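4 protein chains.
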Amino acid sequence: MSKKKAAILGATGAAGQQFVEALKDHPWFEIAGLYASERSEGKPYGVAAKWFTSSPLQEDIAAMTVGNVEKAIHDVDQYDLFFSALPSGLSKEVEGLFAEHKPVISTASGYRYEDDVPILVPEVNAPHSELIKIQQEKRGWKGFVVPGPNCTTMGLIISLKPIYEKFGVKSVFMTSMQALSGAGYPGHSSLDIVDNMIPFIAKEEGKVVIETVKTLGAYDQGSIQNAGFPVSCTCTRVAVIDGHMLSIFVQTEKPCTPDDLKAAFVEFNDSCRKEFGDLPSSPKDAIVVKNEENRPQPRLDREIGDGMSTVVGRIRQDEVYGQHGIKYVALSHNTKRGAAKGELMAAEYLMTQGYF
Amino acid sequence: MSKKKAAILGATGAAGQQFVEALKDHPWFEIAGLYASERSEGKPYGVAAKWFTSSPLQEDIAAMTVGNVEKAIHDVDQYDLFFSALPSGLSKEVEGLFAEHKPVISTASGYRYEDDVPILVPEVNAPHSELIKIQQEKRGWKGFVVPGPNCTTMGLIISLKPIYEKFGVKSVFMTSMQALSGAGYPGHSSLDIVDNMIPFIAKEEGKVVIETVKTLGAYDQGSIQNAGFPVSCTCTRVAVIDGHMLSIFVQTEKPCTPDDLKAAFVEFNDSCRKEFGDLPSSPKDAIVVKNEENRPQPRLDREIGDGMSTVVGRIRQDEVYGQHGIKYVALSHNTKRGAAKGELMAAEYLMTQGYF
Amino acid sequence: MSKKKAAILGATGAAGQQFVEALKDHPWFEIAGLYASERSEGKPYGVAAKWFTSSPLQEDIAAMTVGNVEKAIHDVDQYDLFFSALPSGLSKEVEGLFAEHKPVISTASGYRYEDDVPILVPEVNAPHSELIKIQQEKRGWKGFVVPGPNCTTMGLIISLKPIYEKFGVKSVFMTSMQALSGAGYPGHSSLDIVDNMIPFIAKEEGKVVIETVKTLGAYDQGSIQNAGFPVSCTCTRVAVIDGHMLSIFVQTEKPCTPDDLKAAFVEFNDSCRKEFGDLPSSPKDAIVVKNEENRPQPRLDREIGDGMSTVVGRIRQDEVYGQHGIKYVALSHNTKRGAAKGELMAAEYLMTQGYF
Amino acid sequence: MSKKKAAILGATGAAGQQFVEALKDHPWFEIAGLYASERSEGKPYGVAAKWFTSSPLQEDIAAMTVGNVEKAIHDVDQYDLFFSALPSGLSKEVEGLFAEHKPVISTASGYRYEDDVPILVPEVNAPHSELIKIQQEKRGWKGFVVPGPNCTTMGLIISLKPIYEKFGVKSVFMTSMQALSGAGYPGHSSLDIVDNMIPFIAKEEGKVVIETVKTLGAYDQGSIQNAGFPVSCTCTRVAVIDGHMLSIFVQTEKPCTPDDLKAAFVEFNDSCRKEFGDLPSSPKDAIVVKNEENRPQPRLDREIGDGMSTVVGRIRQDEVYGQHGIKYVALSHNTKRGAAKGELMAAEYLMTQGYF
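Chains as they are written, first to last, in the numbering used here: chain A, 8 to 363; chain B, 8 to 363; chain C, 8 to 363; chain D, 8 to 363.
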């Protein structure tokens, strides 16, 4: 099988660089085009992108010439699909232009809240991919747009999925302690984060609330019925490079003890392995439970499953709801699972379903 | 009025140093004795204590000779009261010996959970001081032990007090992001905290659960009736030197909007000012509300009210309970309000009530 | 004596805020005007300035209306002197306009390298103030411009001064480990500084090289003869909020042992106390020597002398030059001694010399 | 070729864990035994070692039973060689016992300063391995001890080697900014390193001074003639997890411009590749020069060459010595190149020379 040709839109920014890294040596997709703003046009990628991840940039990619994203539409036929790492403001307008012709897999939020657009996370809502046909019919597109969720939503919904399926969810309280890379580069000033933390992330909480119930909702006859429980959260920023930590309290419909939950996670992992285990970016375990009392920790655990596992710890019965309440912490790698690499896994899933 | 003579037990450790700092130029108490372990015996305090707060140690205190805490009981008549910063393990045994003779005000947890011992925070439960008489009768002591709460409990109960009084509390979910100084010195390894955080603090959550309902409980005919709501929390450690941040979700009995809460805080401050405004360590405002969306922040706000105010921000209606739910973040200076300086204010209150 | 009326140019930025803080309750000068860019015009200072130092802004200053620096020249007669915290790019042009009429004391680099402009640090080169007359004559100004040195140069020249005077200096090697606040706000990205350091600071090394020999030079008949030794340095940035640390190796002309150096520092302090001890911002000791092997440390020692002392430690004989080589580390508070408060002390000195 | 059986002494500590990691999938050596203190005896390695590097521990190694290092001598015949990560205090005594029988490659300092012991770094002093025979004769050992240098010395001597060879060295001034992992675990308290740095590392400077001239010395008729130049250094600790940064000033005998130095590095790399390129742990480039003005940086560059390259930047002519002075910064991965993986490369070299 020859590899599918992929172009990256918004290739020089933080999210774009993560697509470049995620696609390194990928067996199914190859980077065939790199597009960014006019400023980068005509420059070698290695010059246009201020590369700041710790694994060095491959030389062949560094030598590729960056194109202007505003003219990229002229090259649309050269590619099989597009990965979009565009800024949210641009994504709505630009991604639609490409979706007329080709599939667009996106980390941006522009289309997330449209009725005919799935926020696709294979382990959570693979059947939502059915919406793609609706989207194409309704909009007259040959391609489509499929975004992933916000990086904070990701760790929440993957860990909630087996709880929701098995025990039912009545309400969720969540406090996040998010990594600096989630704010892009340069993001926060160093003066705001040394000996400090910030109890606020613009627009984040609203995204989590909406995306959680949409992604956990049911696909039914052409639309998604949101999951029927409320979510309340407070999002904060701490002095960590990568890895969002979530402190989660769940009120369940049926009783759920810590042992019940661990068993549900094991079952969930088995099922994910069966359904998605052949996807190149799929981790061995969707959820890894740490039993040490002081884990997970971002620096030590974020790379588990090559940054694609959700790492859960501190599973305890809750004091408020008793056997109908469970609490735990979850760690999700925000620039891998919660961004480009997570979207890549969604693309891999769509590939197996014949969408490219 | 001549100053009361105070001795500090456990004077060389982190908590002891905070008593030394809090008592600097105090109008009512003077440091008349400093006691620590045998290792420090006979040394000048400036030599025995590895001083690590940023405000320099006073020269006259540095020159005082440190006594052995195991022999301190022989000097008991030289002092009017004792401030104890002993390790929790020692505090139960040692503080009792001194309390037979003199008042002991303590940051340690040894006596906190005894039925006849108040965990005293003037703004929260001044009437609990009535328990002192019960304690003296029951134990045959001329003195008494009065501890303060855990440093994490402090910010929670001060901010809950006006909610509990005015709207009633049905349940509380709390996630803390605590400062490094809360672990004492050396506390956490630097390798555990650079580019990292730790979602666990030994024994902390249990303390918060018990102390919250005890301190907010009602004194009634010689005993305390615990407040009747459950508390569920997850305590974490982040890379901040001083200042515990709490993310709090409260289910109330009566409706409570953000404006209602702000009004309740104003009223609470007025009442605290009236009752405790003359105590030297009392802050101008017990609770300071920050309206900027990204505050409070530890480095910028922990020193408000000389580290004695609880700084609240991000007051929002909650998605789960609607008008019966309120959420906010609270910042409390863990080595000032939550430790020695907080206990000092309790001692000041007891002074005005004639206990020394 | 009524206080001199001072206006601050560039009042809302980081350096401007430091002037506001340094002038708090000053016995000789009062803040009578605050000027910033057009964007801040007409706003209360508390709104226009994103205040980010940990000591809270005074309410009366917060209420002052900010003027437009471009129109400030019309108000020039209302003030006795100006403190300039303008960006370097603007300082050359703007400060000259004001200096036609009134004294301008500046933290900016615009005029530092002019032949007729002293870089004034009282303890180092008080006689350089003679240049002011030359400057006024040559330029036809009624006022004048007096800048201070770069914040990195400050700790170097204060610690070198007694060495230069007593032992002679043949060469200096210096590596700095500078604080984040030296880059202004927002300065470095948090992603560049967590688990990282940066071995480069734009233009800094050139400034240190030139300013060191100019400030230590001799005033002679209307001009300054630069000190005759070379300086070689490498400037780096580390994850510290405030306080520049310098690792210094000095080749001396005469033999200089560690004890010789300590004695020279004592003598220097005595002389500074005699000459400048009455200036309100003068520290008790110009140089504080720490004998503990692991000091000075920024967080523990930067506030010594209210941030105005240079704190020296690790004084050792050098392996390369033997008795003609001495090495040590020096810590200087970059936003106090090395910026506004340092300039304020220069202004105080000029006040005693009748310049305002 | 069957793999050589290696045992690790001191396997559970930080340095021991680094040997475990460095030996993962090694083509020439296999981990056949793991020994630690009595406390770990009989436990699975995964339980005995608090694993804290970010790449997860291999399951087969985790399952190996840890032996007691005090009894390990009874197993000496089961192994072909020993890697020692013992604490310095123990290393002198214990390593000698094993060296009677088998080769011991060590990160510890116990034997470094013995006349008949080479501090072996292949690129710097491969001929020093001749000393092994002398050592065996003199001591009557069948095995031998070969330690590597201190982790700070490593980056210095690799970058100095081509300068010394090509231009001659008259003196060196060096200031280090060292990573936290260099202090082992737990090492520094987090309270000492957040918003702080420490200008002192116990015993480090003396080691650098001695080891630099010994490793760069010439092997001549059974002994090493130390290199004939003085080294003066100041060692400091900064808030970085891994990667020691060195600010180096070199006075050369012959003129050396930045371009000369870059050319010398290229030549050196070629020569290293020819001589050592076949060693499994040898990096593609011994020295990588970064031309960006703000590099190298620890977080971005420490993994270059899988942590085995020395990364040099900021090459400039020096102001003190002119064309006879050169300055630069060098970054060396202290727990890879400067510890176990560096020693492993020495072992690989000795393997090619027939020593095992």
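It should be emphasised that the hints constitute simulated quantities derived from the structure, not laboratory data.
Note that the structure is predicted; figures quoted are calculated from it, not measured.
Virtual Cβ for every residue (Gly too), placed ideally from N, Cα, C.
Check each hint, because a few of them may be wrong.
Listed below are several chain A residues computed to face chain C (Cβ distance under 7 Å; list not exhaustive) [stated by the list, open to error]:
hint	residue
1	LEU187
2	PRO193
3	HIS195
4	SER196
5	VAL201
6	ALA246
7	VAL296
Quick rundown of the hints versus the structure:
Look at LEU187/A: its Cβ gets to within about 5 Å of chain C, closer than 7 Å, so that hint holds up. The interface hint given for PRO193/A holds, since its Cβ lies 3 Å from the closest Cβ of chain C, which is under the 7 Å cut-off. Below 7 Å, beta-carbon pairs count as interface contacts, and HIS195/A has one with chain C at about 4 Å; its hint therefore holds. A cut of 7 Å between beta carbons decides the hint on SER196/A: the least distance to chain C is about 3 Å, and the hint holds.
Taken as an interface hint, VAL201/A checks out: its beta carbon lies about 6 Å from the nearest beta carbon of chain C, inside 7 Å. Because the closest C-beta pair between ALA246/A and chain C is about 6 Å apart, less than 7 Å, the hint holds. Here the hint on VAL296/A is broken, as its CB sits about 27 Å from the closest CB of chain C, past 7 Å.
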